[in-house]
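Chemist: Below, each chain spelled out in residue letters.
Protein chains: 2
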Amino acid sequence: MTDPVEFYFDFSSPYAYFAAHKIDDMVEGFGRTVDWKPMMLGAAMKVTSGLPLVKYPLKGDYCRADWDRLARFQELPWSMPENFPIATLAAARVFYWAWDQDHAKAKAFGWDCFTTFFGKGIDISSREQIGEIASRHGFSADDAIAATNDDVYKARVKDETEAAVEKGVFGSPFVIVDGEGFWGADRLWMVKRWLRAGGW
Amino acid sequence: MTDPVEFYFDFSSPYAYFAAHKIDDMVEGFGRTVDWKPMMLGAAMKVTSGLPLVKYPLKGDYCRADWDRLARFQELPWSMPENFPIATLAAARVFYWAWDQDHAKAKAFGWDCFTTFFGKGIDISSREQIGEIASRHGFSADDAIAATNDDVYKARVKDETEAAVEKGVFGSPFVIVDGEGFWGADRLWMVKRWLRAGGW
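Same order as they appear, the protein sequences are chains A and B. So the first sequence is numbered by numbering that gives the first Met the number 0: it starts at 0 and just counts up by one. So the second sequence is numbered by numbering that gives the first Met the number 0: it starts at 0 and just counts up by one.
No lab work stands behind these hints: they were computed from the structure. A few of these clues could be false.
[Said to hold, decoys possible] Computed footprint of chain B on chain A; a stretch qualifies when at least three of its residues, placed anywhere within it, have a C-beta under 8 angstroms from a C-beta of chain B:
id, stretch
1, 34-48
2, 73-85
3, 161-174
4, 177-187
Glycine included, each C-beta is placed from N, C-alpha and C at the ideal position.
Sequences and hints are given; from them, build the entire structure.
Modeler: Quick look at the structure:
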């Protein structure tokens, strides 16, 4: 089977940042491609009654420390954003708009959203910030800002989020390979095993 | 530092079953020992407002499928218990009672609790079942059953659970090495890295 591997995530998810850094290289080693699928994690969390990780006593503190050490392990820049979690509708809409033009450029834009937010600690919730990031990857900032208000991409993010929940996606990151779901940045070893064996 | 590595878990936790299978061998490879610390996960969950995994929509179904594939990966017997999750007070009290006599035998008893519950799908909430398991590891079934009602071990499980929550334990399994916490069966690679480097 050669359908693209689906990588579901919210741009406000630290564990998605850590997974996004690795997933394309890993999957491409098996001759497969990755479709990035930004979604609104908050909508999925309504289904599972989940809260943002940092809102939980104990678990919130653990996660903050865990992100810090994961960044050191993966040698990634890390600067915990002051405003967190944030609304990532603008980033997701512009991502799909960019994706419809050029997958590689869209991923470069998406990765830049992640590193701007988690690597530099800069809030990426505003359409202006998203426009500025888009402009670094061959897109017009004005066109990108317009896309954040485009009914097509408003609907796209909503539809992709609903489709994700229907497929069982309840967290970020969540990878689907040939219908099999893998939740969490810690499960890329399992994705790899699936890809190597073509199932089990 | 050579303090024992602490392995916190609830006997009703599938991910603890998967971690328990590996942790001693892994840690002993670094010349350290493991203290098994059964606790009442429900008490920790009150602090974090958590629910048993299978109670969550989507996540519950995902976890059931995940346990099945993890068992195949680790080549462990797996038989989802009909009654799940269960109260594991009897198992925890007898574990500490056994631990105070012989660490190795206590771990053998503890591992048998896990495999009886998750490998064979047999309910281990009754003190009679716990007595029977204890009798397979050099303990008197009657003495084990008596220990389930012993004020010393009632207090011990309560105290260990409270101490765990104070140390930040909010889930199962949870490993603490030299004060550093690692949550989840998926984080043994990180425990290993800590043990190898003596921190980071």
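Chemist: Work down the list of hints and note, for each, if the structure agrees.
Modeler: Hints, one by one, checked against the model:
no.: 1; hint: 34-48; in the structure: holds (count 4)
no.: 2; hint: 73-85; in the structure: violated (count 0)
no.: 3; hint: 161-174; in the structure: holds (count 5)
no.: 4; hint: 177-187; in the structure: holds (count 5)
Against the hints set out earlier in the document, a violation occurs for number 2 only.
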